[in-house]
Structures are given as structure tokens and as C-alpha cells.
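Given the sequences, and given the hints that come with them, work out the whole structure.
2 protein chains.
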Amino acid sequence: MTKVASNLQIDSVRLWDTIHETAKFGATPKGGVRRLTLGPEDKQVRDWFRKACEATGLEVHVDALGTMFGLRKGRDMSKAPVGLGSHLDTQPTGGKFDGVLGTLAALEVVRTLNEAGIETEAPICIVNWTNEEGSRFAPATMASAAYAGDYTTDYILSRKDAAGVSVGEALDGIGYRGTEPVAQRKLGAFVELHIEQGPLLEAENKTIGVVDRGQGITWYDGTITGFESHAGTTPMPLRRDALTALSEFVLAVERTAKAHGPNAVSTVGEAVIAAPSRNVIPGEVAFTVDVRSPDTETLAAIDKDLQAAAVEIAARRKVAMTLTAIWQKPPTIFNATLVDAVEHAAEAIGYSHRRITSGAGHDACNLANVVPAAMIFVPCKDGISHNELEDATQADCTAGANVLMHTVLALAGVAS
Amino acid sequence: MTKVASNLQIDSVRLWDTIHETAKFGATPKGGVRRLTLGPEDKQVRDWFRKACEATGLEVHVDALGTMFGLRKGRDMSKAPVGLGSHLDTQPTGGKFDGVLGTLAALEVVRTLNEAGIETEAPICIVNWTNEEGSRFAPATMASAAYAGDYTTDYILSRKDAAGVSVGEALDGIGYRGTEPVAQRKLGAFVELHIEQGPLLEAENKTIGVVDRGQGITWYDGTITGFESHAGTTPMPLRRDALTALSEFVLAVERTAKAHGPNAVSTVGEAVIAAPSRNVIPGEVAFTVDVRSPDTETLAAIDKDLQAAAVEIAARRKVAMTLTAIWQKPPTIFNATLVDAVEHAAEAIGYSHRRITSGAGHDACNLANVVPAAMIFVPCKDGISHNELEDATQADCTAGANVLMHTVLALAGVAS
Numbered sequence: 001m002t003k004v005a006s007n008l009q010i011d012s013v014r015l016w017d018t019i020h021e022t023a024k025f026g027a028t029p030k031g032g033v034r035r036l037t038l039g040p041e042d043k044q045v046r047d048w049f050r051k052a053c054e055a056t057g058l059e060v061h062v063d064a065l066g067t068m069f070g071l072r073k074g075r076d077m078s079k080a081p082v083g084l085g086s087h088l089d090t091q092p093t094g095g096k097f098d099g100v101l102g103t104l105a106a107l108e109v110v111r112t113l114n115e116a117g118i119e120t121e122a123p124i125c126i127v128n129w130t131n132e133e134g135s136r137f138a139p140a141t142m143a144s145a146a147y148a149g150d151y152t153t154d155y156i157l158s159r160k161d162a163a164g165v166s167v168g169e170a171l172d173g174i175g176y177r178g179t180e181p182v183a184q185r186k187l188g189a190f191v192e193l194h195i196e197q198g199p200l201l202e203a204e205n206k207t208i209g210v211v212d213r214g215q216g217i218t219w220y221d222g223t224i225t226g227f228e229s230h231a232g233t234t235p236m237p238l239r240r241d242a243l244t245a246l247s248e249f250v251l252a253v254e255r256t257a258k259a260h261g262p263n264a265v266s267t268v269g270e271a272v273i274a275a276p277s278r279n280v281i282p283g284e285v286a287f288t289v290d291v292r293s294p295d296t297e298t299l300a301a302i303d304k305d306l307q308a309a310a311v312e313i314a315a316r317r318k319v320a321m322t323l324t325a326i327w328q329k330p331p332t333i334f335n336a337t338l339v340d341a342v343e344h345a346a347e348a349i350g351y352s353h354r355r356i357t358s359g360a361g362h363d364a365c366n367l368a369n370v371v372p373a374a375m376i377f378v379p380c381k382d383g384i385s386h387n388e389l390e391d392a393t394q395a396d397c398t399a400g401a402n403v404l405m406h407t408v409l410a411l412a413g414v415a416s
Numbered sequence: 001m002t003k004v005a006s007n008l009q010i011d012s013v014r015l016w017d018t019i020h021e022t023a024k025f026g027a028t029p030k031g032g033v034r035r036l037t038l039g040p041e042d043k044q045v046r047d048w049f050r051k052a053c054e055a056t057g058l059e060v061h062v063d064a065l066g067t068m069f070g071l072r073k074g075r076d077m078s079k080a081p082v083g084l085g086s087h088l089d090t091q092p093t094g095g096k097f098d099g100v101l102g103t104l105a106a107l108e109v110v111r112t113l114n115e116a117g118i119e120t121e122a123p124i125c126i127v128n129w130t131n132e133e134g135s136r137f138a139p140a141t142m143a144s145a146a147y148a149g150d151y152t153t154d155y156i157l158s159r160k161d162a163a164g165v166s167v168g169e170a171l172d173g174i175g176y177r178g179t180e181p182v183a184q185r186k187l188g189a190f191v192e193l194h195i196e197q198g199p200l201l202e203a204e205n206k207t208i209g210v211v212d213r214g215q216g217i218t219w220y221d222g223t224i225t226g227f228e229s230h231a232g233t234t235p236m237p238l239r240r241d242a243l244t245a246l247s248e249f250v251l252a253v254e255r256t257a258k259a260h261g262p263n264a265v266s267t268v269g270e271a272v273i274a275a276p277s278r279n280v281i282p283g284e285v286a287f288t289v290d291v292r293s294p295d296t297e298t299l300a301a302i303d304k305d306l307q308a309a310a311v312e313i314a315a316r317r318k319v320a321m322t323l324t325a326i327w328q329k330p331p332t333i334f335n336a337t338l339v340d341a342v343e344h345a346a347e348a349i350g351y352s353h354r355r356i357t358s359g360a361g362h363d364a365c366n367l368a369n370v371v372p373a374a375m376i377f378v379p380c381k382d383g384i385s386h387n388e389l390e391d392a393t394q395a396d397c398t399a400g401a402n403v404l405m406h407t408v409l410a411l412a413g414v415a416s
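Protein sequences, first through last, are from chains A and B.
Going by this note's numbering, the first sequence opens with residue 1, and the numbers climb by one from there.
Going by this note's numbering, the second sequence opens with residue 1, and the numbers climb by one from there.
Just so you know, these hints were derived from the structure itself, not from any lab.
Misleading hints may appear alongside valid ones.
[Stated by the list, open to error] Some but not every residue of chain B turned toward chain A, in silico, with C-beta under 10 Å:
#	residue
1	P199
2	M236
3	R239
4	D241
5	L246
6	E248
7	D290
8	G359
9	D382
10	G413
11	S416
No experiment lies behind these values; they were computed from the predicted model shown.
No residue lacks a Cβ here, since even glycine has one placed at the ideal position from N, Cα and C.
Now the structure itself:
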């Protein structure tokens, strides 16, 4: 930040207006946004974004999975651009900020630099990643995962939605299947601003979350098989009730995460009785477990505890129990230099901040596997996200965009 | 039993063959029976039953709800007949014995008395009650309940199945809407033989259950409202998880019944998460509770304990919880004289026996409210019922029919 005073600020009102302008694409009656990946509302926001990028002088490129890159030239075009951005698709009943803030703040950074006449050493490149949410097409964060080499382009193009439409067909349908091969456009770094989607910043009254880790995740599928029998005629001691066994296990899942706290979390999100009836003792249940921790060792220790709990409960209650890990994602360790840069920017501008772990998955978590990456969090009201009630203040959005701008300037360098 | 030796026996092979002959009406590949009330298979078994009754000299009458009465004249026709019987409808995947044993054993009693040339003082009347199971039309035991005055005939006739067909239409469809007003045919007593549908007799190696009580039942509907939030970003201490709250309550329901044991039972048979998702903390669940005890005071004490548990869990976990009793059926106290008669018959013939509480509802429980009534249980394999695997031995069925016969003879008296 040699030549740029840390008091260079983005235009708070322009950013706020831009967020609300795009919120009309897929606006819901309750004030949220429904903008499913590659649907007509996604095309509307993409067209808007392309025009806005071009109007601000960016060269727009679209890759084979529809990810949009808006390139701002640097003084030294031999350097890989510093990437910044997020996504513009939403959950089926999503909010106005999830993904949108990070993408439009990136645009706002470019607008601000343009107005201030600032040239960077390295180019910068703002990005709108395709299908972060994963609501219409699984998996979530598919385009950034493909960029990071987790999937082939063909695999992602062949994924289908519930109606049988493939990603490829949907891209063609809205005219966003680009010609640029996925990951051909190399980035030198990637910084993503996002709402926290959790309650910690708000609870501690901090403005900026300096994200240093992303949680590792293990997903389990489980079943319990007891014996279905008559609720009126089966004495308590002779029962093999799958639901009481599950209840003990649900509480064991909760207890285990707490025991490995404070950063571990675990959740039984689905639990289904096979043939539920008011007067029948449940004979079979299926359930899921979601376990997260920023530490690989903690995930392994929780796994051990949960498997032991399952064995103990099954033996004592004379039921059969399975608990199978169906997906494991290692923790993300964000690049220390970039994390320091975010922290330094927040500190220099004078925002309160804390280190924080990302509980959710993000495009930046995928990017972190192939380029130096970091994230910036700002508070959201009551930690609510993936919900039409999702909300954030103009001041916090502005703060996040300012930290994003100064982090990018530090990484790209200001041309002398 | 002045003139009839207690060694008068029913024809074991004939009873067994009869049970298996009727099992072909609605036979399932797995050896069970699917004979839904007032459907084509129910018509088949009813036609068969009518012919068998007429062949054995009974006068068959059908009431306005399709209940079939087969009257065997007594010496003194001024006396109200002694009723015996059960039902011939089954669960969708039911067994060969539930209801069938009691109805066909009643027929076998008549056949045996005819062959032995025995005339009773009071007439006897064998009964096939319409819709005991309640699978196609709710409520269960509807015809005996209407007989006992719990519902009007018109109310029952207007009940509809899932396809919108009313009981009245279904009766007309198979030609079993009789002309006799419901409950016009007064019975002096009613005795029902049934498989236990529970594991106690088998576990204690007893042949005859002398049923002295039917459990009272309270049905509850419940809801828990916590707060739906992101499984990755919501720290454990800030969660308001409806499913962990439910899990505690399910275990409280189990604990409470055990504490009020040994005869109380309680079951959470249904539990549904409102919008289940693997990575979302459940915000809302709905559930049911079925509580049974032979004592009114125990039902009240359990209710108090469950309400207190709900309040405590809701307060501690910061969730809202409702627990509403939607149906209450007081315990059935079977007539002491009839219960003694059953016990005396079992003792005189030399069968092992024990007093037992009926955990399930039966037509005899409804009858007990308006006439002296009793029930006889025989063991069923592993306590399994409402299942194609339902099974009972020929010896136990024979024993039950013998006890039924001698009980009825004791009640009706043998003409001198």
C-alpha cells in the first residue's frame, strides 16, 4: 500500500444500490431471491453483470462451465491476475447477500480503482463462479471444484437436474457455454468476500472475519434396524425400538461434537422412520450425520467416538446399526500470506476483526488447493443464511468491500 | 357344566382346516392374508361364512353395518343369546389368525355342540364384526363401537376410504348392508377368543391368557419448534435443534413408561422433520405418542410426567414444544363373573393359564361397555401380529376354542 492511502474507500451507496438492483432478478415476495443456477433469472443477472463489467472497462471471458471472468489489465501483464469474486446464483429461497456481496464488491473495487485512476502491477480478475449453491445441480461449488481439478469438465457438463436437464444443455439454453477451457485462465491468488452465514461476528460485535481455515467435513449415512411390533402389546423390556436407539445416537452425536469443541460441530439433519404409524414401534430408521472440524485429527477422533457409540447402543438395545462415511472433505488451510494481508488491511482501515473458521464450503476453499487463497467474512443478521430473511448492514458490506480492495491492492501491487 | 364333561373337545383338525380354507380369500405370496374390510376378498369370506353358518343350522342376520350374526336357538328363547366371535377382515399385510381364529372357533363350537347333541338354555350367537382393523376405513372396531353406542350408524356409514368410497357404498357394493338396525340384537354376554399379539404367553409358556383388562390408551400429537440453521456455521452452544430436543423427549417417553411399569407402555411411532436436509439443523419436528396402561391413575401420572418433561426440555433447549392429547380411551374392565368363567374353564380342562391385560383394542373391549364381556388369548409366535409372519400352533388354537366352548356353555347353561 505504498502509494494508496488506507483511507481510499469504495462507494458505499453505489455498492448497496448495485446489490439491490440485482436482487430484482428472481426477487421473492418475502424479500429474498430465487435464482437457480443457469435458469432464466441466472441469465438475467449474468447479462446484467457482463454489461456492468464491460461498462467498467473489463474484458469478459466465459469458460466451458459458464464461469465469468472480468479482466482488468495490470501494468505487468506477464503476472498472473489476482482473482476476486464469488457467485451470483442463490438457494431456492435464498437471500440477497450470499455470493452476491462478494461478486458485486469485486465489481465495486474495479469501479473505485477506475475512478481513482489507480493502476495495479499485476492484472486483477473478477469472477462469477457457476453453481456455487448446488441446489439445481449437484455437487455444490462445481465450477470452482472443476477449476481446481477435482472433476473433469465433461463430468460436470453431464450432471443433471431433477428434470433431467444436463449442465451442458442448461449452459447452451442461456448462451453461457464459453469457449475458454476450464482452468486455462491461471490466477495468481484468489480472495472471496462473503457473509459469515453464522452468528460469531455478530455475537462478538466484530466487523471483519479473517478466515484462516475452512472446516473439514465428513458425511455419514446410517441405519438402525430393530423390530417393528405392536405399540400396545409389546412390554417395554422386550422392545427393539429403532427410534429410541436413534434418539440415544442423536444425543451422542451432539455430545461428541461438544467434547471436541469449541470448533467441531455435528448434526443429524435427516431421520426417517421406515413405515411410521402411531401405534407401531419403529422397526427401522435411516439417518444422516454431518460432522465438521477445522482439524483432520479432530474429525478422526469424532469418527472413532461415533462408531463406538453406535456399537455400544446397538449391542445394548439389541438392534443392528450401520454408520458409513459417504463423503470426506479435508479441512482448508488458507494461505498464511494472504490471511495476513486480509488482517493487515482490516487493521489498517481500523475495523474490528477476528480470525474465524468457515463452517460452510465456498469456491475459495476449492481454489485454496491450487492457488494462494483467502476469505473475508462480514456479519449477517442472527447468522441466518440460505433463507429469505438473510440480511446484512450497508456498513458491514462496505467494510468488507474496503478490506477486499486493500487486500487485492496489496497482492497485485500498485503501479508506480 | 353340570351335564357336560369338561373333556368335551372341539374338532382340532376341522378348526385348523377351516382356518386354512378361509386363508385362501386374499392369500398373499408370503403366507399372509390381505382382506380389506368390505372389499372383494371380504365378500368371499363373508359368503363362505354365511354358507357355513347355514349348513350348521344357524339363522344368519346382517345388521345395517354388515355385522353378521349366526343364531343357534336355545331352550329358553326369552333369554338373551350368549355372543361369541371376532372378525374376518385383516390388515393389508395381515396374518391368518388375527380375528379369524375367534370367528371360526365360534363356528367350530357350534359344530361341536351340534354333533354332541347339546342344547343350551340360552341361545348362542356367533358374530363376525365389520371392520375391526380400521385399515381401509377409520375408526378401527367401528361396528362394535357403533353397537356399543359410541357412534351413530349414519356416522359410520359416511366414513370414507382413501379412494373416497363410503362404508355405505362399500356395503352396497358387496351386498352386505343388512336390514337389522345396529344394536337391536341384544346379547346377554360376549366372549372373544384371539391370539395375544404380544409375547407374554409364549415367554412364560402359558397356553391360555385370561384377559381381565384392556389397556386404556392416550394418543398425543406433538411438535417441537427450534430454529433451522446451517449445520456448518452454527456453533453447538447456539443451536436450537428440534431433533436433539425430540431425542431427549423420546427417551423420556420410554423412561416414563418403565417407571410406571410393568404394565404401562409408551411409544413414539411417528417423528417427522419438517424440511430435512443433511446439512441443515432441524428447525421443526412433529411426532406422536401412544401411551397405554390398564389403570386410569397410571395414565394420568404418565401424562403429568410427559408434560413436565416437555416443559423442562423446551426451556433448557430454548425450543417451543406442544404435547396435546388427541384421543383418550379409558381402560376396559372385563366382567368379573365372565373372567372367572374363562379361568375356570381353562383350569377344568387343564390348560396352563395366567391373567393378562389386552394391549390392543378389540371388539370385545367395546362390547364390555354395554354387556358382560370377556376375552381368551392364546400365544402367537414371537408375539408377531399385523404381519404375514403371524403364526400360532394348532394345539394352542384348539385349546383356545375349547376354553371358548366351555365358557359359553357355562354362561348359556346346558338344557336339562
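Violated hints, by number in ascending order, as checked against the structure: 10, 11
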